[in-house]
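Asks: Single-letter residue listing:
2 protein chains.
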Amino acid sequence: MFEFALLGLLHEAPMHGYELRKRLHDLLGAFRAFSYGSLYPTLRRLQRAGLIVEEGPEESALSWGRRARKVYKLTPEGKERFADLLANAGPQTWDDDSFGVHLAFFSRTPAEIRMRILEGRRRCVEERREGLRERLTRTGEQIDRYTRELHRQGLESTEREVRWLNELIAHEKSEQDE
Amino acid sequence: MFEFALLGLLHEAPMHGYELRKRLHDLLGAFRAFSYGSLYPTLRRLQRAGLIVEEGPEESALSWGRRARKVYKLTPEGKERFADLLANAGPQTWDDDSFGVHLAFFSRTPAEIRMRILEGRRRCVEERREGLRERLTRTGEQIDRYTRELHRQGLESTEREVRWLNELIAHEKSEQDE
DNA sequence: GATCGATGTATCGCAGCGATATAATCACCT
DNA sequence: AGGTGATTATATCGCTGCGATACATCGATC
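Protein sequences, first through last, are from chains H and G. In terms of UniProt numbering, the first sequence is residues 1 to 178. In terms of UniProt numbering, the second sequence is residues 1 to 178.
Honestly, the hints are just simulated from the structure, not real lab data. Small disclaimer: the values here were computed from a predicted structure and weren't measured. Each residue gets a CB set at the ideal place from its N, CA and C atoms; glycine is no exception. One or more of the hints may lead you astray.
[Stated by the list, open to error] Sample of chain G residues at the chain H side, in silico, Cβ under 7 Å:
no. : residue
1   : Ala-104
2   : Ser-107
3   : Pro-110
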């Protein structure tokens, strides 16, 4: 997840940790935290795996006075890895957290994979919707007033998301046969 | 979180792990996973902390043939701890994950604390809403079509949740001065 | 009598968060 | 000139919690 996001961002341009975090926060801050406690360990993991490399810090001699910062850039393996993650978009791709991140990189994602992710997400939300419906209409066992409210709100919210996804999918389709 | 949920459930009756998980899944499955990988370690943590104790397995001699199961029940300290968690309902209480869990135990929660949680949650969602609004109306830097869609959907969704919370709060108020 | 799904307990490795430490620079005020 | 606070920047620690997996027993169905 974090890995996917970092690779996606570095696809645009080499960056250092702080900037990566700022971009992520700006891009998806409303949906996910992206804390430093994950950022730096993940960067080192990617580095060890050879997916990113530290650019020589020398060429920043221009604007000196700055604090030491490590600029990372994608290796060819890193680019490959990102493409793989996209191509293998599977079940774990469509859960709440993951989906938002993928959507943020959609303009960089092949149309056919976009479609797969949108439809996977729709199915996932539909399943949750059915679960909520079933729970609400279930007779027998009385259900707590507050829990019922929670489920009602959840149901409405998933219904809206399905409608929204349908619009996105329709738009994709209409673009496909331009 | 998990701790809170387990203590809350055991408040009703002594239970063993599998049943706790089933109840949680039934109660909040649409919102959270509550996997075994957390359940058993948490139970042991609670046990070590003296908040729950294992009931002697002897008295299940009645329905024998069942597999060995460990039934846990709350200690007085456990009940105290649950009350503390409620009384100290703070900032981390109103984030997405936590709020649903708390709501599920609302009928067991004092009215004044219910109010604090609902209002805290509302403020939290309002803040997210403002962040999304600001992001969407910000001029300058062009924003990706898909990311914009995500934010639009997020904004609508938070607006709805605020309205929903307002209704819950109004209902609480009307009940307060019965 | 075989297989399948539910019941049941448990562990392992991993992802990711929140808090915190450290430190340099910058903008601003006095 | 000096102080103060926000911003830039990297990094670690402990903890929560998930997914996968393993193992074992039981009841039902075929």
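Asks: Run every hint past the structure and note whether it holds.
Replies: Comparing the hints with the structure gives:
1. A least Cβ separation of about 5 Å between G/Ala-104 and chain H falls short of the 7 Å threshold, and the interface hint therefore holds.
2. Because the beta carbon of G/Ser-107 sits about 6 Å from the nearest beta carbon in chain H, less than 7 Å, this interface hint is met.
3. Taking 7 Å as the C-beta contact cut-off toward chain H, the hint placing G/Pro-110 at the interface is violated, the least distance being around 14 Å.
Taken one by one, the earlier hints fail for this structure only at number 3.
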